[in-house]
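Those sequence lines, one after another, are chains A and B.
Letter 105 of the first sequence, counting from 1, is numbered 106 in this note's numbering, and no numbers are missing.
Letter 189 of the second sequence, counting from 1, is numbered 538 in this note's numbering, and no numbers are missing.
Hints are computed from structural coordinates only; laboratory data are not their basis.
There is no bait here: all hints are sound.
For the chain A half of the interface with chain B, some residues (derived, Cβ under 7 Å), not all of them:
id	residue
1	53
2	80
3	82
4	88
5	89
6	100
7	104
Yeah, the Cβ is synthetic: ideal placement off N, Cα and C, and Gly gets one too.
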Amino acid sequence: MVAVSVQQVTKSFGATKVLRGVDVHVPAGGFAVLVGPSGCGKSTLLRLLAGLEEVTSGSIRFGEREVTRLEPRERDIAMVFQSYALYPHLTVRDNLAFGLRLRKTDPAEIGRRVDEAAAMLGLSHLLDRLPKALSGGQRQRVAMGRAIVRRPALFLFDEPLSNLDAALRAQVRVDIRKLHDQLGATSVYVTHDQVEAMTLADVMFVLNGGVVEQQGAPLEVYDAPATRFVAGFLGSPAMNFIKATIEDAGGGGLRARLGDGSANLALPPGLPARPGQAVEVGVRPHDLELCDESAAEIHLKVDFVELLGPEIHAHCVLAGAPVIACLETRTGVSVGDTLPLRVRRLHLFDQESGRALR
Amino acid sequence: MSGSGGGGRQVRAIESIASHLVVLLAVAFALYPVLWVIALAFSGSATPEARVLPIPREPTFDHLWAVISTTREVGDSTQWLFGRQLANSLIVSIATALVGIGIATPTAYALARFNFVGKEGGLRVLLATQMFPAVASAIPLYLLLDFLGLLNSRTGLILCYATTAVPFAIFQLRAAFESIPVDLEEAAMVDGATRFQAFRMVVLPAARPAIAVTALFAFMSAYNEFILAATLLGKEDMFTLPVVLQRFIGEYDAQWEAFAAGALIVSLPVMILFYVLQRHLVAGLTSGGVKG
Ligand SMILES: Nc1ncnc2c1ncn2[C@@H]1O[C@H](COP(=O)(O)OP(=O)(O)O)[C@@H](O)[C@H]1O
Ligand SMILES: [Mg+2]
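Chain B extracted, bound-state conformation:
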């Protein structure tokens, strides 16, 4: 008995090592390009060349510093340009997430819980809007924003991003609300809540993981978006980070080290966001409250 038990342990140990190896390999595979970018960002010597190991040559912080400390002269004062561009990106992305969630949450709840005239049709129209990539409407959007005087503004960009974020968020959240048992709201209403209180105090908390994920997606899609930003923003001090990055490898000379350094800096807020939200991203908050 003990012999076979030991054998079982051995097999399990081998299985464990094997699965760890596989995971390690997968991680290395996924991270290799990232490591390469990191190496490049910290390399002193010019021009990138293909090398097997992503180790920086003549390590330096110069590129990072150069990107961060980009400034420009406005009149007789110096403006911290990069700071402004980072703020543009964050403001636009956060606002997109907030507007998207703010509009999608009540809409999705209504779609999940009530029957009303035009519900099916509305959903279909919503789905149809998802068929066209935002670029397809770049020119009309340009004209429209121009007409509204919102070209070259964060507000204009937020409007454009939110219109694409909302339908996706609605579908996402509708599914989330549908998975929350109606019993919970009914229990709350019997307990003394109005329908709105039941929504706010029971449904919203139960849907929090889904809302967090949806908000993160809206944020990310805005934060990463390039084409619309490049089309609708003409002035340097209104640029979002993807546009800034693109300029590093612009027409005449490609500043690969600066590009890599910029890419790292751009990634940072996203990584922080994931870290902060990971608790919410782990779903399963509703499990246990209602037994089927």
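The shape of chain A in the complex, shown without the other chains:
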């Protein structure tokens, strides 16, 4: 178990700058998730941690140890690849034992650890099979097992669930977190899936265009996104954004004139916004709440309803902008209704900089 400290790391491939000064700090034993859209540089950052790529500038430390220029084998890490990368000519047993044999571990010890990891992952009956005779889920577990037997100080995961079907993905996600807690190593996990990020992370790093846009505990980031990008990236369905202009509402208060100007929304006091400022109002679909006509802040006309079981997604239009509201199914909302809604919580972003105003 080591702390991971990435300082001002940049990485370019030729003229392409992929990482533009990244700082990541993960406490020993922590579970960090690097999340962001495809192509934002997540895998590159993970590969820098693994030593599979060399930094262009900056430094990487594991605990007290400077590892920036070390070979992968000198870093005491294990990595689970998106493709699993199982050795095709070796049985499951030999796949698991590969790293230990390279390190000249005592054969009895290798046998013990392989059996232990296989039992932990339910692979005991598959030990003599070749990878090609395994299902996708089983291969994934072998890849995990190969990491576990090594007992590394740091686990690296690169989208380890992306080749599994949805049901299995949810299951393995839980398994990975349990394993992490059980093994007590530090983990860095890369995904583009915000649900994985939210559910797994102790600390989450949202990457975009080669920089960390925001970091923090998942709920912290979810509740207080620092930029419009982070706000839109986390949460499903995605946050509703409505372009707006700040106006003086009289009495020292401010309000946002929404979209085409056909609706207004009073802003809570104390926001660092000034009249005339071009902003975007962000409201999470779950922060829209049906209320009495008298308490309504906005009215939405329902265009379309998606039924998901316990809740519905009501697709509406507000001042010319599409808006989704997540409501309980028992409210009985249907197409054509006009809904009186209260906004439980709103976010404000400067249109120009994309930064949150709060």
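Using the hints provided, position chain B with the ligands relative to the given structure of chain A.
For chain B with the ligands alone, kept in the frame of chain A given last:
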């Protein structure tokens, strides 16, 4: 339901019989000349004549035995000439395959995995060498080997064969290495391997079918080669088998039965090789390790 099911079975049976017939026909078509050679090799009576069915007349092992037991006198001892010529062929072919694979494997790996100055140019030059048949350079090769004192030697022949085997093997193996996911090596390096260990313990085994096929091709091309061998080897005891065979139908009298018997014997090592290597020839060893 059961009626239509039975009908389906019938159709399938007819399809199966039809496809077997077609395959049988194709096999007969391909094997007919071979059967004819076999018949000739075991025929007692002289001069071959066109006959529909390849059945030996007055069956005998005489020709086979005669070819195998070819000897010659050296000083006052008798040398088993055919044995020596068979050994020449095998040594030259195996060495060609080994030298070819030995040089092509690291080259192809470097070409598949690394970028370096001159890579594109080098590949183009390599390709260009493939445009000229080896015969075109027979005379310069003769002069060169003469200069090096390697005429009439197995080493000289191996050198010539290897130079033609290497470029082909490089292209073949480069494609094979490119089809092996880099992830495998990276996984091995994270697991504690050096780059060379990753190559030896992961990449090489994964490329084994391709290497086997390439080696077989190099072996076969050397084993079958005639023109260079006939040009560069002047002494009987240095001949490879194709040259030996050719001498049976030489200038004055064509010994067709001996030729046929020789052809059979020459084919044997190749057939054994195919049999031994068939497990490796079936590719697909890499499938399953990496999921796209
Ligand atoms: N070896 C490489 N050479 C050139 N460009 C690369 C290389 N590896 C990654 N890139 C580029 O870097 C960017 C980020 O890649 P990556 O880290 O794989 O993204 P992510 O994992 O977040 O989807 C991409 O635009 C990709 O094309
Ligand atoms: Mg990636």
